[in-house]
Amino acid sequence: DTGVSQDPRHKITKRGQNVTFRCDPISEHNRLYWYRQTLGQGPEFLTYFQNEAQLEKSRLLSDRFSAERPKGSFSTLEIQRTEQGDSAMYLCASSLVGRTRTDTQYFGPGTRLTVL
Amino acid sequence: DAKTTQPPSMDCAEGRAANLPCNHSTISGNEYVYWYRQIHSQGPQYIIHGLKNNETNEMASLIITEDRKSSTLILPHATLRDTAVYYCIVIRGDDKIIFGKGTRLHILP
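Sequences listed follow chains E and D, in order. At position 93 of the first sequence (counting the first as 1) the number is 93 in the working numbering, and the numbers step up by one without a gap. At position 43 of the second sequence (counting the first as 1) the number is 43 in the working numbering, and the numbers step up by one without a gap.
The shape of chain E in the complex, shown without the other chains (with noise of 0.2 Å):
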């Protein structure tokens, strides 16, 4: 357990309807990321926040996807109108930046979305 929860674990969907996931991260880290993991690959980057202010967005998070962290603990991802293709699992990690030379990511456990 590395101190990051995620909320659900597993989300089943049918296609067209909003899923939200939640993400708790380690209570001191100031930062929070969100990746993508589909079948056989490696995550990837979706989102980022440092505090509740949301930085950098990949080109993966299209205009159906939110993310929010509204006061700088946890996060909450929204998909709208899911696809097939959303299938994948979430991962979220957070990290303290700035007060060491190396602000090492720790992981959550990740929500597993299947879509109908």
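Be careful, since some hints might not be right.
Said to hold, decoys possible - One-sided and incomplete, this derived list gives chain D residues near chain E with beta-carbon spacing under 8 Å:
hint, residue
1, Tyr46
2, Tyr87
3, Ile97
4, Phe99
As the list claims (entries may be wrong) - Computed cross-link-like contacts, DSBU-like style, restricted to lysine-lysine with a CA-CA straight-line distance of at most 35 Å:
hint, chain 1, residue 1, chain 2, residue 2
5, E, Lys11, D, Lys69
6, D, Lys101, D, Lys69
7, D, Lys3, E, Lys57
Honestly, the hints are just simulated from the structure, not real lab data. Backbone N, C-alpha and C fix where the C-beta goes; we use that ideal spot for every residue, glycine too.
Please build the complex by placing chain D on the supplied structure of chain E, with the hints as guidance.
Relative to the frame of chain E, chain D by itself:
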């Protein structure tokens, strides 16, 4: 694209040392070498990282060549629970991770 090259798969006998190589010939002076592993259906697990010097922790040892163009992760006494995909990553400390395909390590009983 990932900045590292790793063999797609390796086998190691249980109880022996597993040596996983990684090439990172374009590494910059301010980039670290990180290793993560991912056991089936779990999130990536941090193993170890280093800049120039060799590093050791309770999980593994990291050997970085003097020119920093390659490194080796050593699991000293592999067990069946070490079966996983191992990712070698080159990263500036505060940046997003770009994962490659990693090395699938099979520990043989």
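Consistency of the hints with the structure:
The restraint placing Tyr46(D) at the interface with chain E holds, with a minimum CB-CB distance near 6 Å, inside the 8 Å limit. Interface restraint check for Tyr87(D): the shortest CB-CB distance to chain E comes to about 6 Å, inside 8 Å, so the restraint holds. For the restraint placing Ile97(D) at the interface with chain E, the shortest Cβ-Cβ distance is roughly 6 Å, inside the 8 Å limit, so the hint holds. At about 3 Å, the closest approach between the beta carbon of Phe99(D) and any beta carbon in chain E falls short of 8 Å, and the interface hint on this residue holds.
For the hint pairing Lys11(E) with Lys69(D), the CA-to-CA distance comes to about 42 Å; that exceeds 35 Å, so the pair is violated. A distance of roughly 19 Å separates the Cα atoms of Lys101(D) and Lys69(D); the hinted pair therefore holds under the 35 Å criterion. Taking the CA atoms of Lys3(D) and Lys57(E), the gap is near 20 Å; set against the 35 Å cutoff, the hint holds.
Hint compliance for this structure: hint 5 alone is broken.
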